[in-house]
Amino acid sequence: MAVTAVPGMVGGRQPLPWMRKLEDERWLAFTLLLPTAILLGLFIAYPFVEGILLALSDARVGDPGHFVGLQNFAKLWNDGIFWTAVGNTFWYTAVTTVFKLALGLWLAMLLNRHFRGKAIVRAFILLPFIIPTVLSTFAWKWMFDPTFSVINWTLFNLGFIKARINWLGDPTLAMASIMVVNIWRGVPFFAISLLAGLQTISPELNEAAAIDGARPWSRFWLITWPLLLPVTMVVMLFSVIQTFADFQLVYVMTGGGPANATHLFATYAYQIGIGTGLLSQGAAVSLAMFPFLFLIVVIQLLYIRRVEVR
Amino acid sequence: MIEGAVWRRWVFYNIPLILFVFVLLFPFYWMIITSFRPDGELYRPWNALNYQPFWTNKPTFEHFTYLFEETEFGRWMINTMFIAVTSTLISLFCGVLAGYALARLNFPFAGSLGTVIFITYLVPQTLLFIPLAEIIRNFRLGDTPWSLILTYPTFLIPFCTWLMMGYFKAIPKELEECARIDGASRFKAMVYIIVPIAVPGILSAGIIAFTLSWNEFIYALVFLSSPEQKTVAVGVTSELIRGDVFFWGSLMAGALLGSVPVAIVYSFFVEHYVSGLTGSVKG
Amino acid sequence: MLKHKRRSVIKLAGSAAAVASTGMAGILASGRTPAYAQQKTVHWLRWVDFVPASDQLWRKELVPQAEKELGMKINIETVNGNDLQPRTTAAIQSGSGPDLIMAFNNTTYIYENSVVDLTDLAEDLSKREGGIFKYCRSFCSNGKIFMSMPWAVPGAMISYRKSWLAEAGSPDGFPKTWEEYRKVGKKLKAAGHPIGQTLGHTFGDAPTFTYPYMWSWGGKEVEQDGKTVAINSKETIESVKFMTDFWKEAHDEGALAWDDTNNNRAFLSGTISATLNGASIYIEASRKPDTYQTEKGKPMKDDILHSPLPAGPAGQFGMHLMQSTMLMKYSKNQDAAKEFLKWVHTEKNYEKWFLSQKGYSTPCTAKWEEHPLWKQDPVMAPFKVAARLGQAPGFAGLPNQKAAEALSKYIITDMYAKAVQGMPAEESVKWAESELKKIYSA
Chain A
6 MAVTAVPGMV GGRQPLPWMR KLEDERWLAF TLLLPTAILL GLFIAYPFVE
56 GILLALSDAR VGDPGHFVGL QNFAKLWNDG IFWTAVGNTF WYTAVTTVFK
106 LALGLWLAML LNRHFRGKAI VRAFILLPFI IPTVLSTFAW KWMFDPTFSV
156 INWTLFNLGF IKARINWLGD PTLAMASIMV VNIWRGVPFF AISLLAGLQT
206 ISPELNEAAA IDGARPWSRF WLITWPLLLP VTMVVMLFSV IQTFADFQLV
256 YVMTGGGPAN ATHLFATYAY QIGIGTGLLS QGAAVSLAMF PFLFLIVVIQ
306 LLYIRRVEVR
Chain W
21 MIEGAVWRRW VFYNIPLILF VFVLLFPFYW MIITSFRPDG ELYRPWNALN
71 YQPFWTNKPT FEHFTYLFEE TEFGRWMINT MFIAVTSTLI SLFCGVLAGY
121 ALARLNFPFA GSLGTVIFIT YLVPQTLLFI PLAEIIRNFR LGDTPWSLIL
171 TYPTFLIPFC TWLMMGYFKA IPKELEECAR IDGASRFKAM VYIIVPIAVP
221 GILSAGIIAF TLSWNEFIYA LVFLSSPEQK TVAVGVTSEL IRGDVFFWGS
271 LMAGALLGSV PVAIVYSFFV EHYVSGLTGS VKG
Chain L
89 MLKHKRRSVI KLAGSAAAVA STGMAGILAS GRTPAYAQQK TVHWLRWVDF
139 VPASDQLWRK ELVPQAEKEL GMKINIETVN GNDLQPRTTA AIQSGSGPDL
189 IMAFNNTTYI YENSVVDLTD LAEDLSKREG GIFKYCRSFC SNGKIFMSMP
239 WAVPGAMISY RKSWLAEAGS PDGFPKTWEE YRKVGKKLKA AGHPIGQTLG
289 HTFGDAPTFT YPYMWSWGGK EVEQDGKTVA INSKETIESV KFMTDFWKEA
339 HDEGALAWDD TNNNRAFLSG TISATLNGAS IYIEASRKPD TYQTEKGKPM
389 KDDILHSPLP AGPAGQFGMH LMQSTMLMKY SKNQDAAKEF LKWVHTEKNY
439 EKWFLSQKGY STPCTAKWEE HPLWKQDPVM APFKVAARLG QAPGFAGLPN
489 QKAAEALSKY IITDMYAKAV QGMPAEESVK WAESELKKIY SA
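Protein chains in written order, with the working numbering: chain A, 6 to 315; chain W, 21 to 303; chain L, 89 to 530.
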């Protein structure tokens, strides 16, 4: 593959007479924002509008279709699988976020001390987060495989179970399995980010409190937690966005099965739009996700602002 | 911190930490052991008598040879690397400039522009890919790395901009003003004074962007088609799941090798990653 | 292999490098030097074959041969069968992608606006080879055009362990009815090796079980008019009820979400005693008799037999995965692709592939039923007539676009899967009815 030129789009370099214009803050800001505006405009704003139009049409693969108004959404309203996916997405996001936060915080506290091999442990612990989701999920899928599960082997040999656990074949367990993998993947991100936050808290505060006789538990609630809150909220914000729109994990583990029990917004949209070729309905499912996500994020952002002002 | 007795340290710190490390790393051990296992051992069901999951006596390289001889795995690695690096650079370039403008310049609608950029991060990929497919068709970029290099920044730029904004905000305004008094232009003050200070932030944004693009899956799945254009994640998923029996060996081998480059990047930059996050978080 | 691999990488560097790698000798042998330098490339997307030897055959022998004889480059790509539909949609929408794509069953109807009419090629084949079977024709031709070129039908039969079935009280062959099968299955499960059957979202083993199963009880999706949804019948409910108990009593409950490959692994590892599948299990077991052995240490292949699905109150049915090749409208190499398609369908070339399948696939024309291959191995004999006897989804209507949508949404399969998971039979049938109505009333 030969390297072809980028289609002319980068507007950073300016000829000299322009330099004077850049002294004006507004012109400078305009210039600096230009590349971003072009890229985001072309590859997000425009397709976003197109996507909305698509959701309002009856397009299917190879057929551009006609405008049909809100028909697709009316269909979704009566679509049981869609509501399952909605419920799943909320449940999935809520459960995994709580666990990721609790475990991540715990791990961060464990790491926030001096011990031998700290650097190595910290580097290794990040592995689950940095490795491509698809690839690590395959390892998990293999561990959960109904016929070859190593987890079942271990539990059986330790005497915890008598018969095998049907990890991916049972709707509830399949959902739980997916959550486990998501938590496994997310905990390192929480832990390392919260650790970064913990390290900005001066140890003297804690020591002073200890001298005043505060127990460790109350020291945590009264000193560490409030100071850590801004970081926590930011980390949660990003995690929630990622989790809510998650695709890869479910796509690999269950493909939305068994019998559509584990679909999320994104996998269901993919199955309808790309799998079955009903483009407009797939777009409608995706679009339906946007207001939910938007609302969650706005609430979080408002909360962050309040926390930071305090 | 006041240290307790030794047993307390074990119960409250060491044992939990060991458990964490074990659970977090076990899947990797599982990947490694599976990729060196001969097929004959892989088809033993979980309740077979001779099933010994945690070790193999006959390690084999056959899965790795399969990867390189029967698939385009090497090619996928190169593609992914090229795509991830290029799209990261583009996004960093845009993100640094935009972050600087939004954080340090006074102009109308600065605040709402920042919000708009953030919101673009929320637009679901599954909504975008069909319209994007048409744009890519019109630009004749289908089935080339450029279809990804140009679309990945859509989720990388908002992230980079946001991170850099936080970082730039934390740098005192006086620094620039001093430079400007010395006669530097606004543009020069930015390039020579502020940006160098922000290097740790840029690095950490770069690492995260690189990881995100290495990790990306949906666009790569939809926009690339020839085997020699695929990325690792897509290639492994679509071509290593074979109809015939036991593909786990080569699949795990592919997953393992596909993870190495990111792991290396991180092992070098983990400190920057942490400090970069701290910086942006403080801002 | 290594040599070919290296070549395929160099191929990318452009036509000049391709010439260099083939060497002057290759050019001289083909005798068309200048044309080769500006050759056309045909990109062919297929599933990853369940008979690996066939994929090897393409890569090592047939593709190089075709490249030489036709003076074009052929890029063969194989993907997991479940990815074919997404890839097709994406390719059509982005206007670039493989020139030839393999289609399963009636999904051809979903893409009917985006394919090139292949009537001339198909009718020519039909004339040469004694006629295309009705089953195959109904998938490829919508009455106006041939949306795709019939390729072959990997028959779906139950692979089972002779000795275990005998132990469970079915000494002379496979149970003939669902009732008998259930009785035998109960004992099989009690003995620790149940029946393995997926009810998941997977292209082959799920629908090829659930559709014929439903038909054999007298259930059907729609009336003959192709509009009136007829699934909510006494017969269908009966079939769902039976399935629920049958599942609990005789099936491996871990199989609910299996894909097409899980049962192969489970069977070969000796955890299940019977499963609906193509012949790939038997073929794999014969290929490596030392690896796959019974608990008594004998080669497993000698303990495998095949049988069609048992009969129900309304008769015995079968549905087999139909494969065909679509030539895409967006392709810029339509002529070359057609030429190549013609080439692979000449008897001499097709036969090489057919032989490599060892009976796994049944060709779509009558002529191949006479082929000596079918006499070689009695275990494979039941597959001979797969393409002749199948019934298409959409029954009692046509296998049209609506039927294809129902198939790709796995509605019939989910109806059984839901019931097996505890939903009352009446409710799951009602659910399927409402889903089907959404499709058929649009």
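What the hints contain is simulated information worked out from the structure, not anything from laboratory work.
Please note that a few of the clues may not be correct.
[What the hints assert, rightly or not] Here are the computed lysine to aspartate or glutamate pairs in the EDC-like style, where the Cα-Cα straight-line distance is at most 16 Å:
id : chain 1 : residue 1 : chain 2 : residue 2
1  : L       : K518      : A       : D84
2  : L       : K436      : L       : E149
3  : L       : K417      : A       : D68
4  : W       : K208      : A       : D63
5  : L       : K376      : W       : E197
6  : L       : K148      : W       : E90
7  : A       : K123      : W       : E291
8  : L       : K336      : A       : D175
9  : L       : K526      : A       : D84
10 : L       : K525      : A       : D175
11 : W       : K208      : A       : E30
12 : L       : K161      : W       : E248
13 : L       : K148      : W       : E291
14 : L       : K526      : A       : E30
15 : L       : K455      : L       : E211
16 : W       : K193      : A       : E30
17 : W       : K208      : A       : D68
[What the hints assert, rightly or not] Computed footprint of chain L on chain W, listed as stretches where at least three residues anywhere in the stretch have a Cβ under 8 Å from a Cβ of chain L:
id : stretch
18 : 55–63
19 : 150–156
20 : 236–243
21 : 254–261
[Unchecked claim] If you want the ones that stay clear, here's a sample from chain A, every Cβ over 12 Å from chain L, calculated:
id : residue
22 : A42
23 : N117
24 : N157
25 : W226
Quantities reported herein were computed from a predicted structural model and do not represent experimental measurements.
Just so it is clear, CB atoms sit at the ideal spot from N, CA and C, and this is done for glycine as well.
Hints versus structure:
1. With a CA separation close to 13 Å, the supplied pair K518 (chain L) and D84 (chain A) stays within the 16 Å bound.
2. Straight-line distance between C-alpha atoms of K436 (chain L) and E149 (chain L) comes to about 13 Å, which keeps the hinted pair within the 16 Å bound.
3. Between K417 (chain L) and D68 (chain A), the direct Cα distance comes to roughly 13 Å. Compliance with the 16 Å bound is thereby established for this hinted pair.
4. About 53 Å separates the Cα atoms of K208 (chain W) and D63 (chain A), which puts this hinted pair outside 16 Å; it is violated.
5. As the CA atoms of K376 (chain L) and E197 (chain W) are separated by approximately 77 Å, the hinted pair breaks the 16 Å bound.
6. Between the alpha carbons of K148 (chain L) and E90 (chain W) the distance comes to roughly 11 Å, so the proposed pair stays at or under 16 Å and holds.
7. Distance restraint check for K123 (chain A) and E291 (chain W): the Cα-Cα separation of roughly 12 Å lies within the 16 Å cut-off, and the hinted pair is therefore satisfied.
8. Among the hinted pairs, K336 (chain L) with D175 (chain A) is consistent with the structure: their alpha-carbon atoms are about 13 Å apart, no more than 16 Å.
9. For the proposed pair K526 (chain L) and D84 (chain A), the alpha carbon gap of about 10 Å is at most 16 Å, so the pair holds.
10. Restraint check: the Cα-Cα separation between K525 (chain L) and D175 (chain A) comes to about 28 Å, which exceeds 16 Å; the hinted pair is violated.
11. About 13 Å separates the Cα atoms of K208 (chain W) and E30 (chain A), which keeps this hinted pair within 16 Å; it holds.
12. At most 16 Å may separate the alpha-carbon atoms for a hinted pair to count; K161 (chain L) and E248 (chain W) meet this at roughly 14 Å.
13. Pair hint K148 (chain L) plus E291 (chain W) does not hold up; C-alpha atoms about 49 Å apart against a cutoff of 16 Å.
14. Between the alpha carbons of K526 (chain L) and E30 (chain A) the distance comes to roughly 58 Å, so the proposed pair goes past 16 Å and is violated.
15. As the CA atoms of K455 (chain L) and E211 (chain L) are separated by approximately 14 Å, the hinted pair is consistent with the 16 Å bound.
16. For the suggested pair K193 (chain W) and E30 (chain A), the alpha carbons sit about 14 Å apart, so the restraint of at most 16 Å is met.
17. About 53 Å separates the Cα atoms of K208 (chain W) and D68 (chain A), which puts this hinted pair outside 16 Å; it is violated.
18. By the rule of at least three residues with a Cβ nearer than 8 Å to a Cβ of chain L, the coverage given for the stretch 55–63 of chain W holds, with 3 such residues.
19. For a cut-off of 8 Å, the count of residues in the stretch 150–156 of chain W with a CB near a CB of chain L stands at 4, and the three-residue condition holds.
20. Using a Cβ-Cβ cut-off of 8 Å, 3 residues of the stretch 236–243 of chain W lie near chain L, which meets the minimum of three, so the contact claim holds.
21. For the stretch 254–261 of chain W, the assignment as covered by chain L holds, since 4 residues bring a beta-carbon within under 8 Å of that chain's beta-carbons and 3 suffice.
22. For A42 (chain A), the shortest C-beta to C-beta distance to chain L comes to about 25 Å, beyond the 12 Å cut-off, and the non-interface label holds.
23. Distance to chain L confirms N117 (chain A) as a non-interface residue, since its nearest Cβ pair spans about 41 Å, more than 12 Å.
24. The beta carbon of N157 (chain A) is not kept farther than 12 Å from every beta carbon of chain L, the shortest such distance being approximately 10 Å.
25. Every beta carbon of chain L lies more than 12 Å from that of W226 (chain A), the smallest distance being close to 43 Å; the non-interface claim holds.
Consistency with the previously given hints fails for numbers 4, 5, 10, 13, 14, 17, 24, ordered from lowest to highest.
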